[in-house]
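K.L.:
Following the hints, position chain B against chain A.
Here the protein sequences line up with chains A and B, keeping their order.
Under numbering that gives the first Met the number 0, think of the first position of the first sequence as 0, with each following residue one higher.
Under numbering that gives the first Met the number 0, think of the first position of the second sequence as 0, with each following residue one higher.
Just so you know, the hints here were simulated from the structure itself, not pulled from any lab data.
Quantities reported herein were computed from a predicted structural model and do not represent experimental measurements.
No false leads were mixed into what you were given.
Below, in silico cross-link-like pairs of lysine to any residue (SDA-like), each with a Cα-Cα straight-line distance of 25 Å or less:
1. Lys120/B to Arg28/A
2. Lys114/B to Glu35/B
3. Lys114/B to Asp29/A
4. Lys31/A to Gly111/B
Just a sample of chain B residues kept apart from chain A, beta carbon distances all over 10 Å, derived:
5. Gln2
6. Ile17
7. Thr37
8. Gly45
9. Glu69
10. Glu100
11. Leu102
12. Met127
13. Gln139
14. Asp143
Note that beta-carbon positions come from the ideal geometry of N, C-alpha and C, so glycine has one too.
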Amino acid sequence: MTSRTPSSVTALDVTRIKADFPLLQRTIRDGKRLVYLDSGATSQKPSSVLDAERRFYEMHNAAVHRGAHQLGEEATDAYEGARETIARFIGAQSGDIVFTKNATEAINLVAYSLGNASFSDTAVGQSLSLQPGDRIVVTEMEHHANLIPWQELCRRTGAELAWLGVDDEGRLDLSTLDQIINDRTRVVAFTHQSNVLGTINPVAEIVARARAVQALVVLDACQSAPHMPLDVVELGVDFVTFSGHKMLGPTGIGVLWGRTEVLAAMPPFLTGGSMIETVYMDHATYVDPPQRFEAGTPVAAQAVGLAAACDYLTAVGMDKVFEHEHALTSYALEGLASISGLRVIGPNNANQRGGAVSFLVDDIHAHDVGQVLDDRGLEVRVGHHCAWPLMRRFGIAATTRASFYLYNDFSDVDALVESLDAAKTFFGVK
Amino acid sequence: MYQEIILDHYRNPVGRLILEPFDAEVHHVNPTCGDEITLRVKINDGVVTAIGHQGQGCSISQASTSVMTELLEGRTVQQALEVEAGFLALMQSRGAGQPDEELLEDAVAFSGVSKYPARVKCALLGWMAFKDAALQAVAQSVKDQS
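Same shape as in the complex, but just chain A (with noise of 0.2 Å):
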C-alpha cells in the first residue's frame, strides 16, 4: 500500500518536535522504527521537561512552605511559579488551582469533600451536602475515574446517579437532557473528550442545563487539557481535571481547578501537615484553598515538570496542536475506512471529535490487533479502556485505539493502516 496524500497540510513542524523527545528516537522490537500511538495513555515527554525536574532537583531541592532557609524559599518560589504558569494555561487564578497525585485524585477530591460536607460545622459548608433523592448525573462514556467515585458518593450519601445515554455513533443523547438533569440533581460530572471514542461533547448546553437547576458541573479534561485551547472562564463549569503525564507532563501530578467561592466552601479531603491553621489535641482549623486541599509534602519537582510541558505546548500554540491532531484524525478515519470489516466505534468524520481512535476488526480480537502491530513497532491501547459500561453499550468487550499527539505524522497513520493490513492477512481474515 502506498501513503496517500493528506486532505489538509499540517500545522505543524514534526519533524522538529520529534527531535525533542529523547524517548521517541529509540527502535522498537528488534530495530523497528517506533510508531507511539498511544498518548492518549500517557504521553512522552520533551527534553525541556526533564531538565526541568532535573534542574529543581540539582538546584533547589528543599520542603515547600516549610522552614525558613534560601533552599527552602526556591523551593516555594518553583512550586508557586510552577502554580501560576498551569493557571495561565487554562486562564485560571493560579489560587484556584489545587495540585493533586492525578487526575483520578483530583475527582475524588471533589466527591470525598462533597461527602464531607454532611459533616461540616459551617452553614457554607453544610451547603453542599448531598440528601438521599438527590441526584448525580454521570454520562455512559465517562472513564472508570469519573464514575466509580460518584457511584460511591451516592452509596455514602443516599443520592442517586443518573446517566446520559450514547447514541449509536457516539455522542451523547441529549433528548432527554432535562429530564435526566432534573430539579433534584446536585452534580453533573461529565468528560469534555471521550478517551475512548474521541468524542467533544458539547459543554455549552450541558452547562447551561445544569445552571438552571443549580447543580454543581465538574468537567474531566484529561483527553481535552492536553490537546486543544482550555479556557475555565468561557467553559463556565465549576471544576475541571486533568493528568500532567497526558500532556507532556511527569507522572505523580494531576490538577483540580476549581471556582474560587466553591473551593472556598469545601471541607478538605485529605488531612495532615499543611493544610492546618491552627492544630490543639482535639480539634484543628485549615488555610484557605488551595493549600486546604494539598496535605502532606507537596508534590514540587512534578509541578516544575509540569509547567515546563505547559511552556512547550504554549510555544508551540494550542490552536496548532488541536489543528495537526485534527488533520491526523481526519486523515486516519478516511485511511481505516478504506479496511474492510473494520468498524470506528465513534463518530466516523472529525466534526467535534479528537484523536482518539477506537476500532473493531472483524474476527480479530483488539488483543490480537495489538500484538501484531506491537511486533511491527507501532503502539496502541487494546481493552476496555478503564471505560467497561461503554463497551457494554455497543455490545464489545475490547477496542483497539489508535490516539495521536503533536509529535505524530501522516506516515505514522500509513504505518498504522498498512499494520491493520498485514495483521488481516496474518489471520487469514480477507
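P.N.:
Chain B in isolation, oriented as in the chain A frame:
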C-alpha cells in the same frame, strides 16, 4: 508467539459448548481487558470426564482453553492440577522456562507467550477457571458424601 497450533485451536476450539450435566460452574474475567469465560466441569470418581466453556477472548485465551480441554479431559483431578501447575510455572517464566513436553504436550506451544507479560493472563484465563471449578466440584462431592 502465534504458533500454527495456537491458530488452529483458535479457529476450531475444543470444548466450546454448554456442558450438561455438570458438577461445578465458574465465571472468570480478566479485569484488564474485559475477556470472560464461563466454564463447567464434570467429575466422576475423581476423574475429569468433561470440560465445557463459553465466553469471549483473544486468540491466546481461546486457544489456551481449547488446548487445556483436550489435555485434561480423562485425567484424574490430581493429574490435571499437576499439568495446571506446570503450565502456570511455564507462563510465569518470562520466556526462560524449559517446557516439560511430556507433561504439557501441545500446551508447550504457549512458551512464547511468557515473553509478553501483558498476555500471560490471557493464556491463564481458562486454566484458572478450570482449577477453580475442579476444586469446587471436589469440595462439593466431599460435602455430599459426609
